[in-house]
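Student: Here's the letter readout for the chains.
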Amino acid sequence: MIDQVCKVLSINPLAKDIWEMTFSADQLVKIYKGAGQFIEILGDKTWDHPLRRPMSISGITDSTMSIIFKVMGQMTSRFSSLKVNDEINVLGPLGNTFSHPSENETAILIGGGVGLAPIMNFLNELKSINNHVLTIIGARTKDEHHLDHDPCNGMYLTTDDGSIGDHGTVMPTLDRIINTVKYPKLYACGPEPMLKAVQQFGLTHDIPTELSVESYMGCGVGLCQGCVLKREGPDFAEDSYQKKYTVVCKDGPVYNAKEIHFD
Amino acid sequence: MIDQVCKVLSINPLAKDIWEMTFSADQLVKIYKGAGQFIEILGDKTWDHPLRRPMSISGITDSTMSIIFKVMGQMTSRFSSLKVNDEINVLGPLGNTFSHPSENETAILIGGGVGLAPIMNFLNELKSINNHVLTIIGARTKDEHHLDHDPCNGMYLTTDDGSIGDHGTVMPTLDRIINTVKYPKLYACGPEPMLKAVQQFGLTHDIPTELSVESYMGCGVGLCQGCVLKREGPDFAEDSYQKKYTVVCKDGPVYNAKEIHFD
Amino acid sequence: MTDFHIKIGSVEFMNPVFVASGTFGYGVEIPDLLDISKIGAIVTKSISLMPREGNPPPRIVETSSGMINSIGLANIGVEKYIEEMLPQYAQISTPIIANIVGWTFDEYLEVLRKLEAVSSNIIGYEINISCPNVKKGGMEFGTDPETVEKLTSLLRKATNRLLIMKLSPNVADIASIALSAERGGADAVSAINTVVGMSIDPYSHQSNIFTTFGGLSGPAIKPIGLAAVQKVYRKVSIPIVGIGGISSGNDVVEYMLAGASAVQVGTATFRHPDAANQIFDQLKTYCQTQNIQQISDLTGKVKLHS
Amino acid sequence: MTDFHIKIGSVEFMNPVFVASGTFGYGVEIPDLLDISKIGAIVTKSISLMPREGNPPPRIVETSSGMINSIGLANIGVEKYIEEMLPQYAQISTPIIANIVGWTFDEYLEVLRKLEAVSSNIIGYEINISCPNVKKGGMEFGTDPETVEKLTSLLRKATNRLLIMKLSPNVADIASIALSAERGGADAVSAINTVVGMSIDPYSHQSNIFTTFGGLSGPAIKPIGLAAVQKVYRKVSIPIVGIGGISSGNDVVEYMLAGASAVQVGTATFRHPDAANQIFDQLKTYCQTQNIQQISDLTGKVKLHS
Ligand SMILES: Cc1cc2nc3c(=O)[nH]c(=O)nc-3n(C[C@H](O)[C@H](O)[C@H](O)COP(=O)(O)OP(=O)(O)OC[C@H]3O[C@@H](n4cnc5c(N)ncnc54)[C@H](O)[C@@H]3O)c2cc1C
Ligand SMILES: Cc1cc2nc3c(=O)[nH]c(=O)nc-3n(C[C@H](O)[C@H](O)[C@H](O)COP(=O)(O)OP(=O)(O)OC[C@H]3O[C@@H](n4cnc5c(N)ncnc54)[C@H](O)[C@@H]3O)c2cc1C
Ligand SMILES: Cc1cc2nc3c(=O)[nH]c(=O)nc-3n(C[C@H](O)[C@H](O)[C@H](O)COP(=O)(O)O)c2cc1C
Ligand SMILES: Cc1cc2nc3c(=O)[nH]c(=O)nc-3n(C[C@H](O)[C@H](O)[C@H](O)COP(=O)(O)O)c2cc1C
Ligand code: FES
Ligand code: FES
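Protein chains in written order, with my numbering: chain A, 1 to 263; chain B, 1 to 263; chain C, 1 to 306; chain D, 1 to 306.
Hints may be right or wrong, so weigh each one.
[To be verified] Partial selection, computed: residues in chain A whose CB lies under 7 Å from chain D:
1) 1
2) 2
3) 5
4) 50
5) 51
6) 219
7) 223
8) 224
9) 226
[What the hints assert, rightly or not] In the EDC-like style, the derived pairs of lysine to aspartate or glutamate whose C-alpha atoms are separated by at most 20 Å in a straight line are:
10) 33(A) with 62(A)
11) 303(D) with 201(C)
12) 83(B) with 86(A)
Hints were generated in silico from the structure; no laboratory data involved.
Every value quoted in this text rests on a predicted model; they were computed, and no experiment measured them.
Heads up, the beta-carbon is just placed ideally off N, CA and C, and yes, glycines get one too.
Same shape as in the complex, but just chain A:
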């Protein structure tokens, strides 16, 4: 990982309270490993908000990186007021990556809310190697979507209120399309209730499933042990100290659904 001062190249609203920001990242992209990785942004030189904010990488080029973020509190609100040419300090790339489906597997990507950020990145990564992919993006309502509902091209939107795409959460749509796929592999990122539902679905149907989880982070680099999540089962990564907890910023944020336990 490195610690780079990056210039904001573009920053635009995508949907209600959701923004996309692209910044120069020539150093960062050199050591980027793949979709699923994240960065930590220090938006403020003062100590008023001491901790960096973790953000999934949503897109990447030779020299730039993008994120998609939702205004949640003070720092994301400050990020949304950044202007082109402003500087941010970015630490990254951090964490592990989604593992690619094997040749006979079909990837089903599931994103909820801003959980779509790493999902879109993975979608583009898979497309570039010509994988056949189905994507389901869920939101509460139309205003929170910025993509088109396009089932013919494998892009399904869902809304809780039915205002665009399929009515309901991502689960009914997943339930429906799963039968059209012989060897599915699930990848999901989004709010915890959605991750739990996908985890449950994967386990019940014995479908390989990878989940990208969130956690309140301190350092983002494995030093503070602040970002832990409970493990399920006996497997554990080499570089975490505990059997009970996994260190999300280092061992994650992407996990085999069998590996982790939500409360």
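Please arrange chains B, C and D with the ligands on chain A, whose structure you already have, making use of the hints.
Tutor: Then chains B, C and D with the ligands, alone, in the frame of chain A:
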């Protein structure tokens, strides 16, 4: 006093590390009492630097106020990076004013460094009522001056290194011109050593002298008792609690030279 | 509409947001820009038996998200306070709580007695025990449980007015001090006073505070104040007034959830003289959006994980 | 050119800027972007007799200019530490100080003995006494002078290596605890550990920390750490390692002026993994512009007004 959100109208460097900033102040100017008063600026919405920064009013119009400030530390450095249309929160006007010279008196204004801010304001105030005024502005070197040395019009510059105007501190020039004036009254603002020298000069020659002093301020409005300065003599203002100390933000910042004691 | 009334002892306040001692003078010399009638209560600066000129400057310095002060309890003394300030309270509808300080038991008691002796508009007393006990070798009154119990009961006997003991955070176990105050008969405790701090100018090498050590306040100490309030809440049953770094309506909510019945705003007033009213307005908005019927329902309602 | 060597006990360090316990792992799993060979010393996370999984999340939360943590001393235990970590130190030139924690005297002693028993690359020990003493009803070891003296002398007898007692700020009189450490034979004390704090989410009403109370660190506590160091400096003659909110070269200078011989950087590392090196670079610049010949000359040289 009031607490107004003001728009930066212009901000320009005047000399080395010295800036002039003008901001909208329609509410503030309505209750402005005169030169010598100051404002307190909150440059930052975060609590990283909790306290406002006191700044003398250096100029005023129907709807605007100006300050002249020197970059000393973190907040003044942040002020210097403000842009036109940025917003600052200004509390003011605060403190007392210079008292005008009587009809037969000639005002000699003495400013050192950014102490010239209230001095320039007072100069313009006195000019507008056609007072005859002499002004001495001291600095270490040429780069710190932005005015012209113009003795014919009563404007004397001094520099410690002689790079512009008279060579030396303000004192030799004061010593020289004092004899050209029948009933002088001194007004000074600047670094403590200069104020001490002017105080000493005024006392020795029995010339009425007013000094505008600085002090580390908390509230700026008389609530915290943080900004005190030692008094000299028995006189003391009604609204301070102590005989030994005077509350600079309320009883000052302008004092009769006889009234105060520098360590 | 939320009901903002809260009760401390037998006294009802219209609004739980007070201003803290030493940050609002005597409540009468307030800046013209603010309407004090809306403030829950005004706690005066500490009043001592004899007038005190306070410490030499520098008395204050900024720190990260806070400030250090060492004003030295500058005040006009109780006699002049009675003469000059008390009469002015007749014009003020805001409840006034007189904060009292002393260096011996007798001094505290005498100040209180002098105030009790005159018919006054004071609603009660807050006792500043973050003060060195001259008879006990300079240890703070507020650090010793027995001393606090004795002081409280002495004062309790001398007044029926609201009696609040203000706790020092510079102790190993603040809850046991609170318990002493409760046993001594206090109606309530307030917590916290400032935390001992220091600051140095790296260039001049000088202490930024004349007395070397001063009291740290502001948002930096909010976590310390919250922990203190929660610890005290678990140990005593009298009401708690929460203090320390409150600068927003959300901060008030945090303190109430931790166990406070009311709060005091200190340092925030130095940024905005009107801070207490602004914070109360934010609290109102919070209560509206969160549908809080009765502000006192929040007290102690933090949801713990363990 | 400034001489940055400093001495603690009989050990000389090349640079007074160390990294603090619990913020740099065991010193071997460090991010690839930083060069640890430049760091003055690495203090490991606390090592206990048995492995500890630590507390459930949430374990950390941001506060104004600080953060609260409640990691729960998660660590692999001394045996695994000896097996897995110690051998790796052979590759590292940076001095390693092993931080030890326990819940009884015996536990502390056993961890130390196990480490002493193996020929190791550890230069010394820092003892974390901010831990509840199970035999004394859960009171922190660090709050009782007698306990600290006893613990120190027990450990002193078991090692000739550098022995540093790490002081808790959650006491009324930190200097008297330091004195106990000195009497017990410590080579040095370090101060401060984190300050007890709490944080609540005003919307969910939940404690932001699973264990309710956690340890406050970061610039918010710098004034508290400085006051502690100065108070300790006045009372003891052994060296002091200053800790608490250090995030710049100027902060190091402040701590040294207050009495520290060396310092530790904790929370700042979470913003910039390379913080300790950056801070040392700033210190170098400061020393150059201020013409400091010998960094150790700064220790205790604060100019007081009174
Ligand atoms: C590995 C990882 C990847 C991530 N990737 C992304 C990403 O790609 N895009 C993205 O947007 N986020 C992402 N996040 C989440 C993101 O880091 C957080 O949203 C962000 O840190 C919030 O910072 P903040 O300062 O804006 O909010 P904070 O001020 O830190 O807090 C926001 C929280 O405060 C509470 N809150 C604040 N205001 C209100 C209110 N008015 N009503 C109710 N509750 C309130 C809520 O609990 C909310 O969660 C990721 C997190 C992780 C761990
Ligand atoms: C009534 C009144 C009126 C005033 N009017 C004016 C005015 O009109 N114009 C004006 O410019 N100022 C004025 N001042 C002073 C002004 O308020 C201060 O300069 C300002 O508050 C500094 O804020 P800061 O955050 O930039 O500096 P801070 O960070 O608060 O501190 C600056 C101090 O830090 C030290 N310092 C910082 N960096 C260095 C370094 N590299 N080397 C050595 N020392 C260092 C110095 O001691 C310096 O004084 C006035 C003050 C008062 C009380
Ligand atoms: C400048 C100043 C003066 C103070 N004076 C007193 C005082 O006279 N008596 C007292 O009990 N507390 C005094 N305090 C402490 C405050 O009442 C309050 O307990 C403390 O500042 C914490 O609250 P805050 O963080 O909101 O400021 C003072 C605080 C400050 C900042
Ligand atoms: C996440 C975290 C974990 C810590 N773990 C330990 C520990 O295991 N042992 C210990 O003695 N101190 C521990 N500390 C305390 C630090 O070593 C240090 O004393 C404290 O954080 C103050 O320094 P700072 O303000 O620079 O962070 C920890 C601090 C943090 C923030
Ligand atoms: S965020 Fe610090 S270990 Fe994961
Ligand atoms: S700055 Fe607060 S009283 Fe003057």
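Student: If a hint holds in the structure, say so; if it doesn't, say that too.
Tutor: Here's how the hints hold up against the structure:
1. 1: With Cβ-Cβ at 6 Å, under 7 Å, it holds.
2. 2: Since the shortest Cβ distance to chain D is 5 Å, the answer is holds.
3. 5: violated, 12 Å
4. 50: Since chain D brings a Cβ to about 5 Å from residue 50(A), closer than 7 Å, the hint holds.
5. 51: holds, 5 Å
6. 219: With Cβ-Cβ at 4 Å, under 7 Å, it holds.
7. 223: holds, 6 Å
8. 224: holds, 6 Å
9. 226: Result: holds, 4 Å to nearest chain D Cβ.
10. 33(A) with 62(A): Holds - the C-alpha atoms of residue 62(A) and residue 33(A) are around 13 Å apart, at most 20 Å.
11. 303(D) with 201(C): holds, 10 Å
12. 83(B) with 86(A): holds, 14 Å
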